[in-house]
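Peer 1: Each chain is listed here by its residues.
2 protein chains.
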Amino acid sequence: MGCALVASGAALAAGPLSPIYGVALPDGYRKWALVAPAQEAAPLNELRAVLGNDIAIKAYEAGSQPFPDGTVLVKLAWKHVQSPEFEPASIPGAATTVQVMVKDSKRYAATGGWGFGRFINGQPADAAQHQTCYACHQAKVQNHDLVFTRFAP
Amino acid sequence: MGCALVASGAALAAGPLSPIYGVALPDGYRKWALVAPAQEAAPLNELRAVLGNDIAIKAYEAGSQPFPDGTVLVKLAWKHVQSPEFEPASIPGAATTVQVMVKDSKRYAATGGWGFGRFINGQPADAAQHQTCYACHQAKVQNHDLVFTRFAP
Chain A
487 MGCALVASGA
497 ALAAGPLSPI
507 YGVALPDGYR
517 KWALVAPAQE
527 AAPLNELRAV
537 LGNDIAIKAY
547 EAGSQPFPDG
557 TVLVKLAWKH
567 VQSPEFEPAS
577 IPGAATTVQV
587 MVKDSKRYAA
597 TGGWGFGRFI
607 NGQPADAAQH
617 QTCYACHQAK
627 VQNHDLVFTR
637 FAP
Chain B
487 MGCALVASGA
497 ALAAGPLSPI
507 YGVALPDGYR
517 KWALVAPAQE
527 AAPLNELRAV
537 LGNDIAIKAY
547 EAGSQPFPDG
557 TVLVKLAWKH
567 VQSPEFEPAS
577 IPGAATTVQV
587 MVKDSKRYAA
597 TGGWGFGRFI
607 NGQPADAAQH
617 QTCYACHQAK
627 VQNHDLVFTR
637 FAP
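Chains A and B, in that order, are what the protein sequence lines are.
Sequential numbering of the first sequence, starting at 487, is according to this note's numbering.
Sequential numbering of the second sequence, starting at 487, is according to this note's numbering.
Errors might be hidden in some of the hints.
Listed next, with one range per pair, are the computed distances between beta-carbon atoms [what the hints assert, rightly or not]:
1) B/D540 <-> A/P639: 20 to 28 Å
2) B/I606 <-> A/D513: 32 to 40 Å
3) B/G608 <-> A/K544: 16 to 24 Å
4) B/K544 <-> A/A621: 38 to 46 Å
5) A/S591 <-> B/E573: 25 to 33 Å
6) B/G508 <-> A/A581: 32 to 40 Å
7) B/K544 <-> A/K592: 35 to 43 Å
8) B/Q609 <-> A/S591: 40 to 48 Å
Looking from chain B toward chain A, a few residues come up when the C-beta cut is under 10 Å (computed) [claimed, not checked]:
9) L520
10) H630
11) F634
With a cut-off of at most 16 Å between alpha-carbon atoms, the simulated EDC-like pairs for lysine to aspartate or glutamate come out as follows [stated by the list, open to error]:
12) B/K517 <-> A/E547
13) A/K517 <-> B/D540
14) B/K517 <-> B/D540
15) A/K517 <-> B/E547
16) B/K626 <-> A/E571
If you are wondering where the hints come from, they were derived from the structure by calculation, not from laboratory data.
Even for Gly, the Cβ is constructed at its ideal location relative to N, Cα and C.
Make a model of the complete structure from these sequences and hints.
Peer 2: Structure below.
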């Protein structure tokens, strides 16, 4: 199936893999379409943006959950800093984490069909951090196929 | 020139045109690549995201200003609301404005090469609002070809 191939490609792309899930940073994700921005309060103080691959965006547009195999979501995060040029605005500072969710209902059957990866400077965070992903998503957004972010209109 | 054709296409796309500049909402902009998110403080209390067409993104990647003719930037804005699912996060609420900048150095020679459009529910704002665009951009970001938003790493 085309979708499954895309999912494998994303999960198995060249580059370091997350512990537990074996998820890599997908190729070319920085130019994917925007799902939505967000802000995270202290202590993180971050601006964030979730991007999705074509399969993800089509699923959002159709309003169809669960997301199909092959869905990949990437959340970029930056420190939240004051704009030096426009007083009311705060803007991205240094990049902090890049977090990936890959849907593969067979490979990740034990975690709701999702594999997770959290990267800092391109390197995966440790296993302890990855052990927190599924429990939190399951506890808070089980009604939206474990995905927090909605498509911003 | 291909770039000029793209610029004309964006500026003259079907749909209502902004006063003064005659800028339309470009086709398909919602799936353009992300330049950067931002937050705007009270009284607006908005989350924002600037998207760019391919010409814009290439110019950002090359770090080359002035932006070439054909560059189109679109800023989406939403009310900034508390996430009902994750306490530290705030997320997009209702959409507010969509703002467009189109580079066409001949057509918009009198305003630094940029045409501006501000839309609310798909309809252009009035001329008085459009008279404020250029003066503010010129006063604050003349050193960055009148563009506030930098590419978020």
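Peer 1: Just to be careful, I want the Cα atoms of B/K517 and A/E547 compared with a cutoff of 16 Å; is the pair within it?
Peer 2: Cα-Cα ~11 Å, so holds.
Peer 1: Taking 35 to 43 Å as the hint, is the beta-carbon distance of B/K544 and A/K592 inside that range?
Peer 2: holds, 39 Å
Peer 1: A range of 40 to 48 Å was offered for this pair. Does it hold for the Cβ distance of B/Q609 and A/S591?
Peer 2: holds, 43 Å
Peer 1: Against chain A, with CB atoms and a cut of 10 Å, does the hint on B/F634 hold up?
Peer 2: holds, 6 Å
Peer 1: Does the Cβ pair B/G508, A/A581 satisfy 32 to 40 Å?
Peer 2: This hint holds: roughly 38 Å between Cβ atoms.
Peer 1: Please verify whether A/K517 and B/D540 have alpha carbons no more than 16 Å apart.
Peer 2: With Cα atoms ~10 Å apart, A/K517 and B/D540 stay inside 16 Å; holds.
Peer 1: Quick check on a hinted range of 32 to 40 Å for B/I606 and A/D513, using CB atoms only.
Peer 2: Holds - the Cβ-Cβ distance for B/I606 and A/D513, about 38 Å, lies within 32 to 40 Å.
Peer 1: Mind checking the hinted window 25 to 33 Å against the Cβ distance between A/S591 and B/E573?
Peer 2: For B/E573 against A/S591, whose Cβ atoms are near 30 Å apart, the range 25 to 33 Å holds.
Peer 1: Given the hinted pair B/K626 and A/E571, is their Cα-Cα distance within 16 Å?
Peer 2: Between B/K626 and A/E571 the Cα gap is close to 6 Å, so the pair holds against 16 Å.
Peer 1: With respect to the beta-carbon atoms only, verify the hint that B/G608 and A/K544 lie 16 to 24 Å apart.
Peer 2: holds, 23 Å
Peer 1: Sort out whether B/D540 lies within 16 Å of B/K517, counting only the CA atoms.
Peer 2: holds, 11 Å
Peer 1: Does the structure keep A/K517 and B/E547 at a Cα separation of 16 Å or less?
Peer 2: holds, 11 Å
Hint violations for this structure: none, all hints satisfied.
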